[in-house]
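These protein sequence lines map, in sequence, to chains A and B. FYI, our numbering numbers position 14 of the first sequence as 14, with every residue one higher than the one before it. Counting from 1 along the second sequence, just add 198 to a position and that's the residue number in our numbering.
These are computed hints drawn from the structure, not numbers from a lab. Treat the hints with care, since some could be wrong.
Quick list of in silico lysine to any residue cross-link-like pairs, SDA-like style, CA-CA up to 25 Å [claimed, not checked]:
(1) Lys441(B) / His563(B)
(2) Lys133(A) / Leu180(A)
(3) Lys264(B) / Leu87(A)
(4) Lys246(B) / Pro49(A)
(5) Lys18(A) / Gln32(A)
(6) Lys187(A) / Ala247(B)
(7) Lys36(A) / Pro49(A)
(8) Lys193(A) / Thr251(B)
(9) Lys187(A) / Asn237(B)
(10) Lys36(A) / Tyr91(A)
(11) Lys236(B) / Leu180(A)
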Amino acid sequence: MDDFKIYKDEELVPLFRKQNESSDNVFFELFQRHSKKLNAYCMIRVYDPETVRDIIQDTWFEFVSAAKEGKDISNVQKYLIGIARNLINKYIKIQKQRSELFINESGIHLDGLKINLNLQLSIETNEFISIVKIVSSMLDEPFREIYLLRKINDLTYTDIAAITGKTLQEVKRIYWKASLTMNDLLKPYFEEKESERI
Amino acid sequence: MEIEEIMIDYFEGDTTLDIERQMFSEISRNDTLITEFKNFLLIDKAMKASVETFTSPPDLTNSIFKKLGYSIPPVMKVRQLPFAFLKNKFFSHALVSVASIILTLAVIFAFFYPFANNKSVAADNNNIQPGGKTGNNFPLTASREIKPEKITRNNIYAKQQNNKKVFDNENDTQGLGEGSFNENITLSNIDASAEYKLSHNYSNKLNILNNDKSVFRTFNINYSEPVGFSFGIDNTPDWSIMKPAIEPNSVSSFNNLCISLNYDISSDFRIGAEVRQESIYTEYTGKINSDTLYLYKQQNNLTSFGANVQFYPYDLGPVSSYLRINLGVNKGGFIMRQGGGIEYNAYRDLAFALGFEYTYYRFFHQKDWFGTSKVGINYGVLIKF
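Isolated chain A (complex conformation) (with noise of 0.2 Å):
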């Protein structure tokens, strides 16, 4: 069995088109490798658990359907950021709505759906880490997309830019806007950690 760890996304891409014994591992080996960033992408995006699950399902049924119709995948997360950003701008204009995002004592109130922050904190080792999560999915858009595409899913501005449909100057212009709103977001727990360190 071959060790498809190895073998480069562009290389992973044709041998996932041919219908053999090995695509099952080829397949897995795309999904291991992208699975978690186009799911912090959408997570992070859209709050309502439900609909995240269907739209990283029909993520994948999309880019394994244009893989086998043999469509140009040059950069395989970006492809499948390109997407996901689409089915999420659509469930959008179908809710209609954006979602608010209310954080009191208790945890969070997405839309009616409360998440336990406490548990969540509880459950994730790296405290930091899921306070920066949280921190992220308080920006606005289009500061929250453009911040996680960059910084989570490891876009470059010119796909940014391809992807959103804006120039390079807005997009650089957003992401230091949302860096520095990120920043000030955690200051107070900077500032906390600091008097306890003192």
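Go by the hints and put chain B onto chain A.
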């Protein structure tokens, strides 16, 4: 461009050397900027690390694979370099511990070897000839240096056999045969030869004075000698060869404890039975609802029952080396162990053992067989009776 924007570009790898020089120069003059820089760095690291927390839930993964007509492939076997397990920090710690124990034992043997150089002056009982061959009736003693018998596995085994014969003779209705030196023994030489051995037992001495042969026979029996059985208690820490993806949620009481009962069938072979509490890490695949393949990763706590065969190829004084094969069973499957080690016979009825072993565990899930293996050390005490 603001200094904060330059910092953001710096973390994106979007700055030139000149701009970086200017940035660090400004930062070095301003404590607030140092804090800002640190905060950007922390956020950057946390965001990148957060990706690992977005793992797909198993039901979503299965749903995607099922919808697309793929199945999750069985685990790709991790390529293990020979002796790669030595890089494992737990194993390297264990190796250091074992090496320390061996070194300590070596030093102890070198300085305190209790038998080889321990020359004593003692009455030579064998020099007294039964039946008055000394020429007179006075007790005759001779002094010379003798080497006490070494405690080795072979000697202990020989003693065991001797004890069995003595017990057999006790049941012999013929008693001691004619011509046996016990027939002609006289009071005086009994005193001479048996003085220190019987002094603790007044009743025996009286009987010997009465020249009672049956009691005299008991004089030859050393009840403290083992008869071939031994009871062992070992600690058996081990490490899975496959790198565990999960840690045990909890371990049962007496984990890594092995209790065994053994019997010496010859001077070179020992057989036995054991019961052991142990943890075994397994990874295997299985289908649920007949079409979705799941990958299971488990840390099993199991009680295993097994049979041992132990072979002793070499003896070095009280230290003997051994090779062991064990076949066992637990509620999950079958176990085969092989290993070796050394046994230090500190006393006739007490030994200490230190060894290593390789364990292969074969288990069955649904319609398939799977295997996993681990290596371990064992150290313990052996009580002989």
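field: Holds or violated: Lys441(B) to His563(B), with C-alpha atoms at most 25 Å apart
entry: holds (21 Å)
Proposed proximity, Leu87(A) with Lys264(B) (alpha carbon, max 25 Å): holds (21 Å)
query: Lys246(B) and Pro49(A): Cα distance at most 25 Å?
result: It holds: about 22 Å lies between the C-alpha atoms, which stays within 25 Å.
- prompt: Quick one, are Lys187(A) and Asn237(B) close enough, alpha carbons at most 25 Å?
  reply: holds (8 Å)
Straight-line alpha-carbon gap Lys133(A) to Leu180(A), limit 25 Å: It holds: about 15 Å lies between the C-alpha atoms, which stays within 25 Å.
query: If you draw a straight line from the CA of Lys236(B) to the CA of Leu180(A), is it 25 Å or shorter?
result: With Cα atoms ~13 Å apart, Lys236(B) and Leu180(A) stay inside 25 Å; holds.
- prompt: Going straight from one Cα to the other, do Lys193(A) and Thr251(B) come out at no more than 25 Å?
  reply: Measuring from Cα to Cα gives roughly 23 Å; hence the hint holds.
field: Straight-line alpha-carbon gap Lys36(A) to Pro49(A), limit 25 Å
entry: holds (15 Å)
query: Straight-line Cα separation of Lys36(A) and Tyr91(A) no greater than 25 Å?
result: Measuring from Cα to Cα gives roughly 21 Å; hence the hint holds.
Straight-line alpha-carbon gap Lys18(A) to Gln32(A), limit 25 Å: holds (19 Å)
query: Taken at face value, is the distance from the CA of Ala247(B) to the CA of Lys187(A) at most 25 Å?
result: Roughly 20 Å separates the two Cα atoms, so the pair holds.
Going down the numbered hints, you'll see the structure goes against none, and every one checks out.
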